[in-house]
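Peer 1: Top line first, the protein sequences correspond to chains Z and R.
One point on numbering: in the numbering used here, the residue at position 41 of the first sequence is 41, and numbering is uninterrupted.
Numbers in the numbering used here are just positions in the second sequence, counted from 1, shifted up by 1000.
Heads up, a few of these hints could be off.
As the list claims (entries may be wrong) - Cross-link-like lysine to aspartate or glutamate pairs, in silico, DMTMM-like; alpha carbons within 25 Å at most:
| # | chain 1 | residue 1 | chain 2 | residue 2 |
| --- | --- | --- | --- | --- |
| 1 | Z | 95 | R | 1227 |
| 2 | Z | 118 | R | 1104 |
| 3 | Z | 105 | R | 1060 |
| 4 | Z | 108 | R | 1426 |
| 5 | Z | 95 | R | 1252 |
| 6 | Z | 105 | R | 1252 |
| 7 | Z | 118 | R | 1024 |
| 8 | Z | 69 | Z | 23 |
| 9 | Z | 105 | R | 1122 |
| 10 | Z | 108 | R | 1122 |
| 11 | Z | 105 | R | 1232 |
| 12 | Z | 118 | R | 1014 |
| 13 | Z | 95 | R | 1253 |
| 14 | Z | 95 | R | 1060 |
| 15 | Z | 118 | Z | 66 |
| 16 | Z | 105 | R | 1024 |
| 17 | Z | 95 | R | 1024 |
| 18 | R | 1326 | R | 1426 |
| 19 | Z | 95 | R | 1104 |
| 20 | Z | 105 | R | 1125 |
| 21 | Z | 105 | R | 1253 |
| 22 | R | 1089 | R | 1071 |
| 23 | Z | 108 | R | 1014 |
| 24 | Z | 118 | R | 1060 |
| 25 | Z | 108 | R | 1018 |
| 26 | Z | 108 | R | 1254 |
| 27 | Z | 108 | R | 1125 |
| 28 | Z | 95 | R | 1426 |
Keep in mind that the hints were calculated from the coordinates and are not lab data.
None of the values given here were measured: they were computed from a predicted structure.
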Amino acid sequence: MKRVLVVDDSPTVRQQVGTVLRDAGFDVVEASDGAEGTSKVAADPDIGMVILDVNMPRVNGLEMLETIKQDSRNAALPVVMLTSEGQLSLIERAKRAGAKGWIVKPFKAELLLAAVRKLMATSA
Amino acid sequence: MLVRRLNAQGYLVDATTDAAMGADMALTAPPAAMIADLWMPSISGVQLCRLLRAEPATAEVPVILRGEDDDPKSRFWAERAGATAYVRKGRMGELVRTLATAIERASDNEGFFMQLSGGSLDIRDRIARHLDAALFDSVIAAEVRALATCGSFERLFDQLSQLLSQLLGYRWMALSTTSPPCFGVHHHPHCDEVAEREARAALGRSGQTALTRIADEDAREEPEGPEPIVCDVPFGNLVLGRLALAPVCGSDEEAARLNRLVARELGGPLKMAALVDEQQRLAMVDPLTGLMNRRSFLTQMKVELARSTRYRLPLSVILLDIDHFKAINDARGHAAGDLVLTRVGELLRGILRVSDVSARWGGEEFVMALTNTDEAGAYIVAERLRAALQALVIEHEGQRIPVTASLGVASYEAEEKFDPLIDRADRAMYEAKAHGRNRVVVWGDAGNVRRDAAAATAPVERAADEPDEELEPGPRADRSAARAVAKPLHEA
Chain Z
1 MKRVLVVDDS PTVRQQVGTV LRDAGFDVVE ASDGAEGTSK VAADPDIGMV
51 ILDVNMPRVN GLEMLETIKQ DSRNAALPVV MLTSEGQLSL IERAKRAGAK
101 GWIVKPFKAE LLLAAVRKLM ATSA
Chain R
1001 MLVRRLNAQG YLVDATTDAA MGADMALTAP PAAMIADLWM PSISGVQLCR
1051 LLRAEPATAE VPVILRGEDD DPKSRFWAER AGATAYVRKG RMGELVRTLA
1101 TAIERASDNE GFFMQLSGGS LDIRDRIARH LDAALFDSVI AAEVRALATC
1151 GSFERLFDQL SQLLSQLLGY RWMALSTTSP PCFGVHHHPH CDEVAEREAR
1201 AALGRSGQTA LTRIADEDAR EEPEGPEPIV CDVPFGNLVL GRLALAPVCG
1251 SDEEAARLNR LVARELGGPL KMAALVDEQQ RLAMVDPLTG LMNRRSFLTQ
1301 MKVELARSTR YRLPLSVILL DIDHFKAIND ARGHAAGDLV LTRVGELLRG
1351 ILRVSDVSAR WGGEEFVMAL TNTDEAGAYI VAERLRAALQ ALVIEHEGQR
1401 IPVTASLGVA SYEAEEKFDP LIDRADRAMY EAKAHGRNRV VVWGDAGNVR
1451 RDAAAATAPV ERAADEPDEE LEPGPRADRS AARAVAKPLH EA
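Okay, chain Z solo, but in the shape it has when bound (with noise of 0.2 Å):
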């Protein structure tokens, strides 16, 4: 399916993203915390895809990426950080954790899109 999931504190990002996605033909539903997001992708088997911001308040999105992460069913959802942070051991972390990107905002909406494109096609 061709859903993708934003899980971001900020309504302007979550806003942004949602826009340059929906152009594109993809479905978007989003969430504002990590805790949200961990209980949208148990309840909805429809999302194919994660974009993730990692500072947000309750749960992070390095914590929500391990949650979700432990369940096998989630093993192959492409989870894609989006976040202004830059820190090569933050990066390291989603990596290990499962990650399948990390875009540092701003970001470019072409890029974000191939980005999305590519893996959503592999992972189906």
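Got chain Z sorted already, so can you dock chain R onto it with the hints?
Peer 2: Just chain R now, with coordinates in the frame of chain Z:
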């Protein structure tokens, strides 16, 4: 043409003639490999390569640099810049093969991609920043290597703590070595227990290991922080020790980098310090005065006492302590103090005979063993020394340093060991100090102290230089150094 050839091989190629653009493209969407010319008009392939190596997004991307000729210098720089390979221009086949190998060898990222902040900062600025960082690193490396002149672990650790605390704020810093076993911790004065405990734990040092402690405010007073970072200090194939840093919050990446950099360079200086320490322990000569050191003097004394006993020859000891030496150091500086010690050493060597043994006994103390000399004869020599020292002109920075000494004399009694003998000379010397200094006191029979002045007995002939009889081979370091200009003590 290159692009066509690569396309034909099945590669998807992005190409540009502008190096800055190329760097930007590489950083934004890291390619499987990059090919660049070594020397380009604005930014060289070397700089490009270093930039890519320094950025996490492209650190693993193989870079192939092409050069005009097989100049070994070009190859050298290409390698140092971190290029995967260097290929001569025109060697198409070689290039394609090298490319294929490089891509195959490159660590498989399993499709993990990165898009980092490309384009937001001018490429030239980034290159400049990375060059600065590289320069900064090499300056730090050089400063660490310069610690090789520290002759001891304590001094090295002190200077290391000064260097590191300028570069990074930390809660504590510790260094430990295995042979010889040394352990140093630098921390804030209010954090001694915590820092010591954490450092011991981090470096695996039990409570028994003696500690070189530096407590000052260059270390930060923060009770908690991230886990300490520990790095091995290599020296060739060995690990000499370990360096640990306890960073303050938020600086752990920087601390890890610095710790790695410093630990890499610390091996040479640590090895030097250990060697110098050992050499000084083994040395027989006091480096400042050239006289024997205490250790070798004691070894020699065993021989002399044995000889005295065997041949029933008298033996006397003079202990000389420079008056107010601490005051000289405080008032005129340590260089002046050292000069005084050197001059006194010279004086001793000038006055004593070849067969006498003289040594630096302590900080401002000298000891002399006069062979075949009884108490009276020793007294005369001591008095000569005292007078000569008082008359000696020592100039430092244009000003005279007046120097006197207090001397104690004692004679050997048959069969005794050295300790009681030196003990008596010591007590005699203290008497001299207690009674006004700049005088000679002789420790007479039965604990009576005979002071100076006219109470000298009938002059006793002191044998002139005789050929030395070797009782058994022993160190004669000082003898060769002694000037044999022994004026006869009595103008008979």
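Peer 1: All the hints need checking, so say for each whether the structure fits it.
Peer 2: Results of checking the hints against the structure:
no.: 1; hint: Z:95 - R:1227; result: holds, 22 Å
no.: 2; hint: Z:118 - R:1104; result: holds, 22 Å
no.: 3; hint: Z:105 - R:1060; result: holds, 22 Å
no.: 4; hint: Z:108 - R:1426; result: violated, 87 Å
no.: 5; hint: Z:95 - R:1252; result: holds, 20 Å
no.: 6; hint: Z:105 - R:1252; result: holds, 23 Å
no.: 7; hint: Z:118 - R:1024; result: holds, 22 Å
no.: 8; hint: Z:69 - Z:23; result: violated, 29 Å
no.: 9; hint: Z:105 - R:1122; result: holds, 17 Å
no.: 10; hint: Z:108 - R:1122; result: holds, 17 Å
no.: 11; hint: Z:105 - R:1232; result: violated, 37 Å
no.: 12; hint: Z:118 - R:1014; result: holds, 19 Å
no.: 13; hint: Z:95 - R:1253; result: holds, 18 Å
no.: 14; hint: Z:95 - R:1060; result: holds, 15 Å
no.: 15; hint: Z:118 - Z:66; result: holds, 23 Å
no.: 16; hint: Z:105 - R:1024; result: holds, 16 Å
no.: 17; hint: Z:95 - R:1024; result: holds, 23 Å
no.: 18; hint: R:1326 - R:1426; result: holds, 19 Å
no.: 19; hint: Z:95 - R:1104; result: holds, 21 Å
no.: 20; hint: Z:105 - R:1125; result: holds, 20 Å
no.: 21; hint: Z:105 - R:1253; result: holds, 21 Å
no.: 22; hint: R:1089 - R:1071; result: holds, 12 Å
no.: 23; hint: Z:108 - R:1014; result: holds, 19 Å
no.: 24; hint: Z:118 - R:1060; result: holds, 22 Å
no.: 25; hint: Z:108 - R:1018; result: holds, 22 Å
no.: 26; hint: Z:108 - R:1254; result: violated, 29 Å
no.: 27; hint: Z:108 - R:1125; result: holds, 21 Å
no.: 28; hint: Z:95 - R:1426; result: violated, 74 Å
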